[in-house]
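**Q** Counting from 1, position 218 in the sequence shown corresponds to residue 218 in full-length UniProt numbering; the numbering is continuous, with no gaps.
It is worth saying that the hints were derived from the structure and are not from the lab. Where hints are given, some of them may not hold.
Claimed, not checked - Below, computed lysine-lysine pairings styled on DSBU-like, alpha-carbon distance capped at 35 Å: (1) K199 with K130; (2) K199 with K62; (3) K18 with K199; (4) K18 with K62.
As the list claims (entries may be wrong) - Simulated restraints, written as ranges between beta carbons of each label pair: (5) Q105 with E67: 18 to 28 Å; (6) P92 with D223: 42 to 52 Å; (7) G15 with L117: 40 to 50 Å; (8) L117 with N174: 21 to 31 Å.
The structure displayed is predicted, hence computed values, not measured ones. Virtual Cβ for every residue (Gly too), placed ideally from N, Cα, C.
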Amino acid sequence: MTTLLEIRDLRLQYGQFKALHGLDVEIAEGEIVAVIGANGAGKSSLIKGICCTEGQTSGSVKLDGRELLGLTPPQIARAGIGLVPEGRRIFPSLSVEENILLGGQLGQDHGGTPWTLERIYELFPDLTAKRHLSGTMLSGGQQQMIAIGRALMTNPRVLLCDEISLGLAPTIINRLYEQLIALASEGLAVLVVEQAMRKALEISDRYYCILEGRVSLSGISADADEDRIAQAYFGR
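Input sequences plus hints: build the corresponding full structure.
**A** Shown next, in the form of structure tokens:
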């Protein structure tokens, strides 16, 4: 598989605090890559480093050979990076449909079938009947569907998902990940940041375990050894 997103020696710090210490991560078209680690390991900092949303970054983040570091977050979105943020960040003053349409303002044509409201509602039929309600009136799982739909409306080549299972029932988590697997089968690259180690390994092709801002272990998810991962995860 051809590498689509290539991250080399990524470093990120907030003031004097160094959150990332030279991460190397890559993801190919149609691949699901899981980034696992305990709370505070640096998983969300990786997302912020890719999107240049917080802190001071150095190193290299290339999407299909184009350097992204130094661009603004809107420019990075237009380049083909879609973000499903931790906590969903649904705007309470906007309807379900208006929240989803926000992503379309950053949408660019990167080839393939462009995302439309109709395609989002086909992917998440639960939202159709509630399209005119305030986004915050929906359940946590439905709000996560809104957040994913909003990111897809940017027509991304890479979808970054930051802790999308947080606070959701297992049945809802399974439904969301089934949809991500279907999207990857269509060629979308998906990077999933997760604390839930077993679930992340179950749905991903490859994994990176992060500990204290460094990659402590990586490999093929189907071949993962839980004892080795536990050592890398907790630093034992």
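**Q** Going straight from one Cα to the other, do K18 and K62 come out at no more than 35 Å?
**A** Distance ~22 Å between K18 and K62 Cα, so the pair holds.
**Q** Just to be sure I understand the hint, the distance between the Cβ atoms of G15 and L117 should be within 40 to 50 Å; is that true here?
**A** 41 Å, holds
**Q** Given the hint of 42 to 52 Å, is the C-beta distance from P92 to D223 inside that range or not?
**A** 44 Å, holds
**Q** Given the range 21 to 31 Å, decide if the beta-carbon distance of L117 to N174 lies inside it.
**A** Distance hint for L117, N174 holds at roughly 25 Å.
**Q** For the pair we were handed, K199 and K130, check the Cα-Cα distance against 35 Å.
**A** 29 Å, holds
**Q** Does the hinted range 18 to 28 Å hold for Q105 and E67 at CB?
**A** With Cβ atoms ~24 Å apart, the hint holds.
**Q** Compare the distance between the alpha carbons of K199 and K62 with 35 Å, and conclude whether the hinted pair is satisfied.
**A** Status holds; Cα separation ~28 Å.
**Q** Would you mind confirming whether the straight-line C-alpha gap from K18 to K199 stays at or under 35 Å?
**A** 29 Å, holds
The structure fails none of the hints (numbered hints given earlier).
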